[in-house]
Amino acid sequence: MAFVSPFVVGFSAFVLYPVVSTLYYSLTDFQAGSYRPVHFVGLRNYRLLFTQSDNFWVSVRNTLWMVAVMVPLRTAWAMLTAWVIIRVKRGRTVYRTLFFLPSMVPVVAAALSFIVLLNPVGPFNRILDLVGISGPGWFSDPAWSKPSLVLMALWASGNLMVIFSAAMLDVPRELYEAAELDGAGTLRKFVSVTLPAISPVIFFALLTGMIYTFQYFTEAFVASSSSNMTSSSSQLLGYPANSLLFYSTELYQQGFSYFKTGYASAMAWLLFLVIFAATVIFIRASRRFVHHAGGGR
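So in numbering that gives the first Met the number 0, spot 74 of the sequence shown is number 73, and the numbers just go up one at a time.
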């Protein structure tokens with residue numbers, strides 16, 4: 000048992016204890032930094048989530064928007080770039096490397112770079128001006144702030160592209176030859192052969208993307224903080240006009256700006272339950288469209 004004790008100690012200290020303590024705090028009025036007694040309040044924090052916080056519903060809508068828009072677009076873009084690259088006869092490795100490199104850039108550095116590039120008077124808008132197009136405000140415009148994050152996610156989707164390209168190269172050549180004998184063209188082969196063959200990878204990309212986006216935090220935090228340096232720290236998150244206020248950033252704000260630890264803990268547990276339920280539903284629904292080797296589903 001000695002060889003597993005480091006894992007047990009680490010798991011207990013950094014996973015089990017935080018999970019159990021967060022569940023306990025969600026049922027109390029505990030506020031970090033306060034010396035007043037902690038009282039058990041039952042499910043009051045959970046009721047307050049749905050009844051007394053406008054920002055809560057704003058963060059839910061923004062998060063669902065990102066899940067519904069960014070996850071499918073990122074998956075489709077990675078799949079498209081992989082399909083194009085594997086059709087290149089010469090220099091395939093070079094192109095694959097070029098598309099993969101952005102995914103190796105640290106998230107904070109990538110977000111800061113995009114804030115500079117997509118500044119209203121930045122390089123990208125200047126290029127648009129040269130062709131007679133008036134560029135949007137990007138991160139400074141509530142209508143364009145979330146699409147700006149989606150654009151950054153597409154740029155950094157190289158790791159997913161590599162997974163898709165490996166899956167496509169693993170599709171048996173005999174399937175394409177059989178489709179060609181039936182007169183199938185390029186598009187028909189992609190729809191009838193490639194997509195079913197790589198459906199487990201598509202499922203993996205959508206599932207992991209959904210889980211990640213429900214917890215979307217770092218990019219929005221950096222974009223809000225760096226795009227508006229004139230407000231106080233409690234007003235930075237969500238700028239502009241709460242368009243970048245996602246569930247995790249609101250959770251962070253409640254827990255570490257307002258020190259409402261019990262309320263933030265309830266938000267954390269609600270997020271866990273939503274992700275768990277969505278994952279179970281998605282896995283069950285995948286049986287209809289995921290084709291495994293050997294014809295099983």
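Simulated from the structure, these hints should not be mistaken for laboratory data. Check the hints yourself; a few may be wrong.
Said to hold, decoys possible - If you anchor each label on the Cβ, the simulated ranges turn out as follows:
id: 1; residue 1: 171; residue 2: 129; range: 47 to 57 Å
id: 2; residue 1: 280; residue 2: 46; range: 16 to 26 Å
id: 3; residue 1: 51; residue 2: 140; range: 27 to 37 Å
id: 4; residue 1: 13; residue 2: 142; range: 35 to 45 Å
id: 5; residue 1: 141; residue 2: 13; range: 31 to 41 Å
id: 6; residue 1: 19; residue 2: 140; range: 57 to 67 Å
id: 7; residue 1: 184; residue 2: 8; range: 56 to 66 Å
id: 8; residue 1: 120; residue 2: 184; range: 19 to 29 Å
A virtual CB, placed ideally from N, CA and C, is assigned to each residue, including glycine.
Here is what the structure says about each hint:
1. Range check, residue 171 to residue 129: about 48 Å between beta-carbon atoms, so the 47 to 57 Å window is met.
2. A hinted range of 16 to 26 Å holds for the C-beta pair residue 280 and residue 46, which are about 25 Å apart.
3. About 30 Å separates the C-beta atoms of residue 51 and residue 140, a value consistent with the hinted range of 27 to 37 Å.
4. Checking the proposed 35 to 45 Å range against residue 13 and residue 142 shows it holds: the Cβ atoms sit about 41 Å from each other.
5. One distance hint, 31 to 41 Å for the beta-carbon pair residue 141 and residue 13, holds here, with the actual separation near 38 Å.
6. About 43 Å separates the C-beta atoms of residue 19 and residue 140, a value inconsistent with the hinted range of 57 to 67 Å.
7. A hinted range of 56 to 66 Å holds for the C-beta pair residue 184 and residue 8, which are about 60 Å apart.
8. For the pair residue 120 and residue 184, the supplied restraint of 19 to 29 Å is violated, since their beta-carbon distance comes to about 47 Å.
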